[in-house]
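Chains as they are written, first to last, in this note's numbering: chain A, 1 to 409; chain L, 1001 to 1102; chain Z, 2001 to 2656; chain W, 3001 to 3167.
These are calculated hints, taken from the structure and not from any lab test. All C-beta atoms, glycine included, are put in the ideal place defined by N, C-alpha and C. A hint or two may mislead.
[Unchecked claim] Covered by chain L, per the in silico footprint, the following chain W stretches (three or more residues, Cβ under 8 Å): (1) 3008-3019; (2) 3027-3041; (3) 3051-3065; (4) 3068-3080; (5) 3100-3106; (6) 3130-3136; (7) 3150-3158.
[As the list claims (entries may be wrong)] Okay, the calculated beta carbon distance ranges per label pair: (8) W:3149 to A:294: 24 to 34 Å; (9) Z:2646 to L:1089: 30 to 40 Å; (10) Z:2608 to W:3144: 38 to 48 Å.
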Amino acid sequence: MEFISQHPVLVASIIKIAVLLFIVMTALAYLTWAERKIIAHIQSRWGPYFVGAHGLLQPLADGLKFLFKEDITPPVTDRLVYTLAPFLALSLALSAIALIPFGPPSVPFPFLHGQQAWSITDINIGLLLVFAITSIGVYGVALAGWSSNSKYPLMGGLRSSAQMISYEVSLTMSVVGVVLLAGTLNFNEIINGPHGQSGYWWHFIPRWNVVPQIVGFLCYFTAAIAETNRIPFDLPEAETELVAGFHTEYSSFKFAMFFMAEYANMITVSCLATILFFGGWLSPFPDRWAWQIYLPGAGLVLLGIYCAYDTVTEMRGIARLQLAVVTALALGGGLLCLIPAVAGVIQGPFWFTTKILIILFFYIWMRGTLPRFRYDQLMSFGWKLLLPVSLANLVITAFVMIWPWLRHG
Amino acid sequence: MSVVPVSYYLVLSAILFGLGVVAFVFKRNIITIFMSIELMLNAVNLAFVAFARAHNQLDGLVFVFFVIVVAAAEAAVGLAIVIMLAQHRQSLSVERVNLLKF
Amino acid sequence: MPILHHLWIILALPLAGAAINGLFGKRWSQPVVNSVAVGSVTLTLLAVAELVREFSLLAPEQLPFVGNYFTWMVAGPFKVDFALQVDQLTVVMLLVVSFVGWLIHIYSTGYMAHEGGYYRFFSYLNLFMFFMLTLVMAANLIVMFVGWEGVGLCSYLLIGFWFLKKSAADAGKKAFITTRIGDFGFTVGVLLVFATFGSIDFGTIFKSVSANPVSEAVLTTICILLFTGAIGKSAQIPLYVWLPDAMEGPTPVSALIHAATMVTAGVYMVARMNPLFSRAPIAMLIVAIVGAVTAFYSATIGLVQTDIKKVLAYSTVSQLGYMFLACGVGSYAAGIFHLMTHAFFKGLLFLAAGSVIHAMGGEQDMMKMGGLAKKIPITYWTMLIATLAIAGIPGFAGFFSKDEILEAAKSGPNANLILWLLGVAGAALTSFYMFRLVFLTFFGKPRYDEHHVHVHESPKNMTVPLMILALLSIFGGWFAAPKLIGGVDYFEKFLSPVFSMYAPPMAEPAVVIGEPQASAGMELLKALTGVPVIVAVLGLLVAWWFYIKNPDVPKRLARSVHGLYTLLLNKYYVDEIYAALLVRPLLWISTNVLWHGIDEGVIDGVVNGSARVARASGNQLRELQSGNTRSYASWMLIGALGFTVLLIALFTRVVH
Amino acid sequence: MSLAFILFFLCALLAVGGALALILSREPIHSALALILVMVSLAVLYLLLGAPFVAAVQVIVYAGAIMVLFVFVIMLLNMGAEEHTDFSKIAKFAGWPLALVLMLWIGYWLAHAQAGAAIGTGAAVEPASTPGLSTQLFRQYLFPFEATSVLILIALLGALVLARKEE
């Protein structure tokens, strides 16, 4: 007990990390589910359906399958690196998320004074650190490709590392504009600081950075997709040319780790996009609309009602039971969130998650829609178009910012 | 919570530098030799930062930036040379690259 | 635009012309080169005219007007500004230089028309104008020195213009080296000036010298040193030898540089430094003596020369002698006056001679001429006028100036009868050999082969300058005319501020001679006033008698006084003496000691030796070059270790 | 024994271990990984020294760019483990002792210099402010900064010229 009181930071951090890890893992799992569903519907299929209601247990099944499959390690591989690579990938991908504030720092951590509830750390160079971590993320892929000691993975590894390095540059450059506007690298200040994104233009357009930094945002989003090796930039695992790219040789849980790492990266960049361009955990509605604090609850309740309807009309047998549980959870959660105190606390994360979900949906939507680049196209696009544009954006922003100072001393 | 005295950092940087030198002398692979140079630079950086902390001045940190830039430039050119080398004689061992002798 | 505040323009114009022609002229046709060269000089002339206009509006207390453009160099107390100044003296010189220069440019367009290196010639000519103008406008000794050396350079380039001809190249070298000797003295003089007055700026020097008197010994030394420079530049004894050889250059060059302008730089310099000279009587005396002796001496040489340009060259030397005589006896104004008139008639003489040579197709020997008067009347008449002028026949420019000089030598502030006598003798000889020249050239039977040489009058652009100069040779001296009838000498009056501003307080005559003798002396002197004219006329007559009336007299005379004749013909063997005394020993020293001894022995020895050492050591050391990077790394490590030890050794000394 | 000390010794251990691994491993890519390890642990030490910005830059540029370049080249050439030749006698015999001497020497003197100039036990480590750093960089060190930018540009061109194929 007294150890706890001695090291509040340590304890709080550990607890928060544990919780966050659990949530993110689940999120990853269900992100795969969501992706499969959405793609399926885009292609007018059903997608996963039979494992659990609406295939809701599919991720669990996949996880189990991965766990119990035989873990093959080709004899010619470089053992150490071969095993190291996936861990590296996943751990880095996850640890980047640890720096994201999911809610306003004002919300205190229960029974440990001086600690925030919604963010693990609140360091003043958070953004830079996130980039630092993502920049090391390359190694997972590269090493995996190299250590497999087989040509397709090597190709994939080379490609992806090249691609990641190339696009990392424009990724960073496109963000600097926002940093200039905010004048800080701290996430919370970028969101809500003196030059943050709170407030409104003409009382209804939220002061988000997308508006002045639309070019920056587009650059950022494009670069982010490339950074996460997603379609249309998913050349490292272009099946048609490279079987499965850098993780061709991987199987069972190591493969799963890469898989999760990819989705974790998606989440990370979405979080960044939200924070940098969409006002993070700020609500899009003017504060004077007092009723908005009930939106999360209301949403959940609506979801619950839909599930209830679905339960009684569609489902049969075990699936009906499962969906009933979901319904119960949704309704319960919704009602809980309708309590004003809870609602007040829940606001930040709610909006944050909502925005992230929207961006993720875009990700998946793109995958369902766009074809794949050719490699040289990819490179020339990155270097000859994306980088110059983001640089231009940066320069223009800088000029606009010092314009008054230029005009009168 | 008490602070680690700066001299610790300096000794550490010295050790790293020495190891870098050892690597510089003992590795045969050109790329590894480059890496050992980077190691030495890192050691120096550590010393810079430590001194900056000790004197509560930022100049040390600024110098770290410069060192990093120089390292980057060196790596770029050096690796380009390495690639040329590997293309021309199928080996990376510096001891096999000894045309430049009497 | 008040050009007074942009004096540099006057320098910039010819410089620009020189640069343009020098850089691009090679590819251009003659008309273009002409327009550039003559155009730039014309603009210069106009600028000078405008300058004179504005100058005339200046109040006396504004003079000398100094324009300081930028600080050229600073070394401790030694500060040199690029400063130009304008006062009466400068104005006169500017007018002379720019106007005569202008005429000679025009003349050259005709004279050089058939020569190679046309653009080069005009580029050099413009460059010369630039340096000459720098020289006369300089406000301090260093800038003056720049012009001084610059004109020397141009003279070298132009004398050796036909550098393929060995004699020309040698003449150029001779001129350059000989004047160098003088310039050495000049440089030392400048340094001494700085050491004495702590400045090389004219105004400062003169003020300080007039404010607090300096020891006369120092002043004398300074003046003598400076005068050495003048001797070299203005071809006085003993450094005159280069000027006759300088006639190897194209005739316009001889006219412009070696008669009208450059050679008078020495006189100008002496006149410019008059406050110093006036305070150094001994130096003055030396100047006067050198001048007078030169005037007589070179006149004697001139008697027997047969090369038309050589004659003129020696007469130039002698006329310069007159100018120095004037300065020496303290009548700077007369000197400058003679400088101006001389510029007119001597320039004219040379141009006319050039025209003759042109007509004769390059022939310079008077013995192969004769009877040209009919064939080239313009040249004849102009040359006759110039001859009358230089001979000092009353009414012509030369008369007034030379008369003033002799007057000053006779009854000036520090008069000296011996010098006067020398001057008069020189005048007689001058008139003799000049008319000899005219008679030999234009009268009598043609002594050339009529079939080969078809004499023809020169083109307009050569004859027009001749005529203009002829007019000036007549009227150029009339500023001084009123003096004869007891009026004022306007020229002297105009220049007087320059020479009176810092003049030493007039000491009353050293020895007051008893009244009667004095009066007798006065009488005598008055009586002697007409002498120069008489002797001039005598010279004329003698020449007529010798070369028209009965032409065989000269030969007989030569035979009778054979020794003297050959002595004169060989110019007193001065060149041979110099060769024996200076040139050969120098050559021997430089060959055996400097070249074989020092250069080959020591320097090459050092170089080769070091090379040998390097190779030997390299042979040993290259074993280290194993070509193995790791070995190099280890060596580096050892070195680094050594350095850290060293550094820390020093560092700790700092800390503890 | 406070957290700071634990962290320091942990990172120091990792760094030294990484350096040793760099020397001892024969596979270039292992050396590279070891070096990355060193760099990251150094970055943590920078954080500990209250230079978070430098730490981030260290990771981004060094670990994230330069070392990636190394790994990339190693992968590209894929020349396999280095061979153990001993052509250089001096390196073989004189190397170790000299290096050790150098190490000890510098270490001793650096520590000694510290003792000489009594510093380094300032109370709380307040992180160096990023704005302050940038002001320093862009005001006082503007010219060196520009110079380095030129340097990097030249290096870029040099790399391009060297690595481009002869056509």
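Evaluated hints:
A stretch counts as covered by a chain when three or more of its residues have a beta carbon under 8 Å from one of that chain; for the segment 3008-3019 of chain W and chain L the count is 5, and the coverage holds. Check result for the segment 3027-3041 of chain W against chain L: holds, 6 residues qualifying (beta carbon to beta carbon below 8 Å, three or more required). For the segment 3051-3065 of chain W, the assignment as covered by chain L holds, since 8 residues bring a beta-carbon within under 8 Å of that chain's beta-carbons and 3 suffice. Evaluation of the coverage hint for the segment 3068-3080 of chain W: fulfilled, as 7 residues show C-beta separations to chain L shorter than 8 Å, against a requirement of three.
For a cut-off of 8 Å, the count of residues in the segment 3100-3106 of chain W with a CB near a CB of chain L stands at 5, and the three-residue condition holds. Only residues whose C-beta sits within less than 8 Å of a C-beta in chain L count toward coverage, and the segment 3130-3136 of chain W has 3 of them, enough to reach three; the restraint holds. Note: the segment 3150-3158 of chain W has 6 residues with beta-carbon separation from chain L under 8 Å; the three-residue rule is met and the coverage holds. Taking 24 to 34 Å as the suggested C-beta distance range, the pair residue 3149 of chain W and residue 294 of chain A does not conform, at roughly 54 Å.
Remark: the range hint 30 to 40 Å for residue 2646 of chain Z to residue 1089 of chain L is upheld by a beta-carbon distance near 39 Å. For residue 2608 of chain Z paired with residue 3144 of chain W, a C-beta distance near 45 Å keeps the hint of 38 to 48 Å intact.
Hint compliance for this structure: hint 8 is the single one not met.
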